[in-house]
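Please take these sequences and the hints and turn them into a complete structure.
Here the protein sequences come in this chain order: W and S.
The first sequence begins at 28 in the numbering used here and counts up by one.
The second sequence begins at -17 in the numbering used here and counts up by one.
Worth flagging that the hints you see were computed from the coordinates, not collected in a lab.
None of these values were measured; they are calculated from a predicted model.
Mixed in with the good hints, there may be bad ones.
Estimated spans, in silico, between C-beta atoms of each pair [to be verified]:
{"hint": "1", "chain 1": "S", "residue 1": "A273", "chain 2": "W", "residue 2": "L148", "range": "17 to 27 Å"}
{"hint": "2", "chain 1": "W", "residue 1": "Y101", "chain 2": "S", "residue 2": "V276", "range": "41 to 51 Å"}
{"hint": "3", "chain 1": "W", "residue 1": "L119", "chain 2": "S", "residue 2": "P115", "range": "40 to 50 Å"}
{"hint": "4", "chain 1": "W", "residue 1": "T78", "chain 2": "S", "residue 2": "V318", "range": "25 to 35 Å"}
{"hint": "5", "chain 1": "W", "residue 1": "L152", "chain 2": "S", "residue 2": "L156", "range": "14 to 24 Å"}
Here a beta-carbon is modelled for each residue, glycine too, at the ideal position from N, C-alpha and C.
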Amino acid sequence: MSKKLVHGIFDEEDTMMQALTSLKQAGIKVKDVISPYPVHGMDDALGLNRTRISICCFLYGITGTCLAVLMMWYMNIFDWPMDIGGKPSFNLYKNFPAFVPVTFESTVLCAAHGMVITFYLRSKLIPGVEPTVYHPRQADDYFVMTVEAGDEAGAKAAEKALGKAGAVEVKS
Amino acid sequence: MEQTALPDKRYEFTAKSKTLSYVLIAIGIVSIGISFATHSHQAWSNLLWNNFYFMVIALAAVFFLAIQYASEAGWSIAIRRVPEAMAMYMPWGAALMAIILIGNYIAGSGDGHYIYHWWHHDVYDPESPEYDPIIAGKSGFLNMPFFIVRVLFYFTVWVGFALYFRKMSLKQDLEGGSSHHLKLRTRSYQFLVLFAITSSLMAWDFIMSIDTHWYSTLYGWYTFAGLFVSGISVMAIILVVMKRRGLMGHVNQHHLHNVGLFMFAFSVFWTYLWFSQFMLIWYSNLPEEVAYFVVRQEQYQGLWIANFFINFCIPIFFLMTRDAKRKPMILLVMGVILFIGHWIDVFQMVTPGAVGAGGHIGLIEIGTMLGFLGLFRYVVLSHFAKAPVVAKNDPFMKESMQHSF
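Structure below.
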């Protein structure tokens, strides 16, 4: 591993957020923070890019819509024309009110499952993959701040800065 | 965030701005005058439709205040004076509604044209040729004394709470402390329970009973969803206009995002109910139920489609992204579009039932709307000018100023 990782473990949200600012001022780049719950403003303080999962969500949703319409067109209009609601029009457009709930549910199903699966793949939470645990309490009640240090000297500086910022434990 | 820049900034309701309201009111009076002078069959339903629309916008503002107090929401304190000012139209809306109902009753006794078909005495009389067994069967609810009691009850509740919320908020400005906050919270719980009942019942009384034979169990919710979207849209318009004037500098993009979220979410919710009501009736295809939609789809096809398109397709595409909800100009434009969209929606609810096939939206109708808009604008802005634009002594003020997510 060419880059050295230094982990600062924090037990308070406020200390962690202040540490983010003080490390930034000291010119140390914080790679990521693992937190037990979403912290408001943490993404901005870390300088993370906006998540692209909403784009995925839209694409999965559109896929779900198309699949549902295709399925219902094939089943109820094309393969076995149905008299829906006493209106024998046998036409996708005219029967569409009856198809809206299914289309909606399918859109939600595909969007939700697609997003969850994408999230798991992206954060490497796949069955069989060994999870990276920096600290046994990292997602229970401790915040783990990861600093990417360029070399030995950088790692020393990061350790010092993390300790000064109030980390209860510093690991490298 | 600075606290010093806040206190006592006020909006000034200038003579020029007042003149605009007077001009709008004059246009309205002329339009109403013309429609009565030409014996337009839509004259009364125009009044009911437009007044109902602006009355429920004020009601939506009272409801908005109540949910903020009841949930002890912090973010909305920064914008609270806007719904407070809007809520002050409530007495006007209620009074005009009473005048319109009484006026229609008196005029109808003369020429036999009531907006509400069930107001005719003959329909309850088995001896009469006009006897209508369906309406007679509903006489336990649709009878004049009970109707009057109900309407008075709604108006008392709505106006009472609107004035109370305003009074306590102004008192809090002067005295500070948390006692007003706690009182407002308790009153809000009471209002929300009463609102749940009155908003459903008033939808049946004022609107659904126009189509006396028809009924829909979703109607109260559908009306509520529409009124909340139109209320939030008007709130967004006032908020953005005031922000552009430099009065709402403390309102940041996160506050705007919340208002945009309400607009977006309740537009979708409105569509959900609008569609659910339509689809169940469309699917089951029962003659007594589909009659409502047949007249709207066949005689008012353009407006029927426009209603769905404006109130669903436009907000879902233009308000979906996070950035759109944070841009004041987009909120302003969407607010105006949704305001017009729900105006058309209330037209769809009132006019086809009241006049049958021949209803339309023309210059007279737009003029009538402008008249009510002028009055609404006058009342809201004059109340908005009476108090500082920030409710500065609220216990959650700091949280509101720092609101971000």
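How the hints compare with the structure:
Evaluation of the 17 to 27 Å hint for A273 of chain S and L148 of chain W yields a failure: the beta carbon distance comes to about 53 Å. Range check, Y101 of chain W to V276 of chain S: about 31 Å between beta-carbon atoms, so the 41 to 51 Å window is missed. Evaluation of the 40 to 50 Å hint for L119 of chain W and P115 of chain S yields a pass: the beta carbon distance comes to about 41 Å. Our hint of 25 to 35 Å for T78 of chain W and V318 of chain S holds, since their Cβ atoms are close to 32 Å apart.
In this structure, L152 of chain W and L156 of chain S break the distance hint of 14 to 24 Å, their C-beta atoms being roughly 56 Å apart.
In summary, the numbered hints that this structure violates are 1, 2 and 5.
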